[in-house]
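Visitor: Residue numbers (the working numbering), protein chains in the order written: chain A, 2 to 114; chain B, 20 to 129.
Hints were generated in silico from the structure; no laboratory data involved. Check each hint, because a few of them may be wrong.
Said to hold, decoys possible - From chain A, some residues computed to sit far from chain B (all C-beta separations above 10 Å):
#1 13
#2 17
#3 23
#4 31
#5 53
#6 65
#7 71
#8 74
#9 105
What the hints assert, rightly or not - Here are the computed distance ranges between Cβ atoms for each label pair:
#10 A/46 to B/30: 17 to 25 Å
#11 B/71 to A/23: 26 to 34 Å
#12 B/98 to A/31: 36 to 44 Å
It should be emphasised that the depicted structure is a prediction, and the values quoted were computed from it without experimental measurement. The beta-carbon is built from N, C-alpha and C at its ideal position, and this holds for glycine as well.
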Amino acid sequence: AQSVTQPDIHITVSEGASLELRCNYSYGATPYLFWYVQSPGQGLQLLLKYFSGDTLVQGIKGFEAEFKRSQSSFNLRKPSVHWSDAAEYFCAAGDGGYQKVTFGIGTKLQVIP
Amino acid sequence: DVKVTQSSRYLVKRTGEKVFLECVQDMDHENMFWYRQDPGLGLRLIYFSYDVKMKEKGDIPEGYSVSREKKERFSLILESASTNQTSMYLCASSLRGPQHFGDGTRLSIL
Numbered sequence: 002a003q004s005v006t007q008p009d010i011h012i013t014v015s016e017g018a019s020l021e022l023r024c025n026y027s028y029g030a031t032p033y034l035f036w037y038v039q040s041p042g043q044g045l046q047l048l049l050k051y052f053s054g055d056t057l058v059q060g061i062k063g064f065e066a067e068f069k070r071s072q073s074s075f076n077l078r079k080p081s082v083h084w085s086d087a088a089e090y091f092c093a094a095g096d097g098g099y100q101k102v103t104f105g106i107g108t109k110l111q112v113i114p
Numbered sequence: 020d021v022k023v024t025q026s027s028r029y030l031v032k033r034t035g036e037k038v039f040l041e042c043v044q045d046m047d048h049e050n051m052f053w054y055r056q057d058p059g060l061g062l063r064l065i066y067f068s069y070d071v072k073m074k075e076k077g078d079i080p081e082g083y084s085v086s087r088e089k090k091e092r093f094s095l096i097l098e099s100a101s102t103n104q105t106s107m108y109l110c111a112s113s114l115r116g117p118q119h120f121g122d123g124t125r126l127s128i129l
């Protein structure tokens, strides 16, 4: 069965520190991969996507993610976290077609001064 | 920019009521989706639609139905609301790319 795993439910980082959020997927073929961010009480906003090509993907708000086929991973990174990055982050994978995707359960990021 | 609008941000209903959640997108997207979001469970797909009058069950369709009479509008219907349907409901749309989400409806069933 297709699945997306985000092993960290909560992560706390200091403002200015680097960030890496983990995501692993289980799919029959290379899926389409996404990272979304959700601020409290809001819907999901797309940070970045990977369909094919360059395995290092740049997104909005200074985020990037790297696709590693050998590890079935698509980890999200940011070199220096800002307090406004505190939110919940969702990794998702889809197989094209009608763009039906599977979401991970999310990682809640807390940023401390 | 894609705009996905959900008719209510907050809604309170009583058990047994028939509840309608409305979603409208303004980008002529073919695909539309309804999810519910619960703490610790992430987003779970209830129903999706890839064309007018077409619908497909997602992972948790029980207790729900949908309607898509026009391309831009996708309605989620709770036929007889129950307390275990208290949740955040998210609508999304897509064409041939990532899904775009509305701001969600927080539904409480009393």
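Visitor: If a hint holds in the structure, say so; if it doesn't, say that too.
Guide: Status of the hints after comparison with the structure:
1. For residue 13 of chain A, the condition that its CB be more than 10 Å from all CB atoms of chain B holds, with the nearest at approximately 18 Å.
2. For residue 17 of chain A, the non-interface assignment is confirmed: its Cβ lies about 29 Å from the closest Cβ of chain B, beyond the 10 Å cut-off.
3. With a closest Cβ-Cβ approach of about 15 Å to chain B, residue 23 of chain A is found to remain outside the 10 Å limit, as its non-interface label requires.
4. Taking the minimum C-beta to C-beta distance to chain B, about 16 Å, the non-interface status of residue 31 of chain A holds against the 10 Å cut.
5. At the 10 Å boundary, the C-beta of residue 53 of chain A stays outside the reach of chain B, the nearest C-beta of that chain being 13 Å off.
6. Every CB of chain B lies more than 10 Å from the CB of residue 65 of chain A, the least distance being 16 Å, so the non-interface label holds.
7. Non-interface status of residue 71 of chain A relative to chain B is upheld: no Cβ of that chain comes within 10 Å, the nearest being about 25 Å off.
8. Remark: the non-interface label on residue 74 of chain A is consistent with the geometry, its nearest Cβ contact in chain B lying 18 Å away (cut-off 10 Å).
9. Consistency note on residue 105 of chain A: stated as away from chain B, yet its beta-carbon is not over 10 Å from all of that chain's, at 6 Å minimum.
10. The hint said 17 to 25 Å for the Cβ distance between residue 46 of chain A and residue 30 of chain B, and at roughly 23 Å that hint holds.
11. At roughly 40 Å, the beta carbons of residue 71 of chain B and residue 23 of chain A sit outside the given window of 26 to 34 Å.
12. For the pair residue 98 of chain B and residue 31 of chain A, the supplied restraint of 36 to 44 Å holds, since their beta-carbon distance comes to about 39 Å.
When the structure is compared with the earlier hints, violations turn up for hints 9, 11 and for no others.
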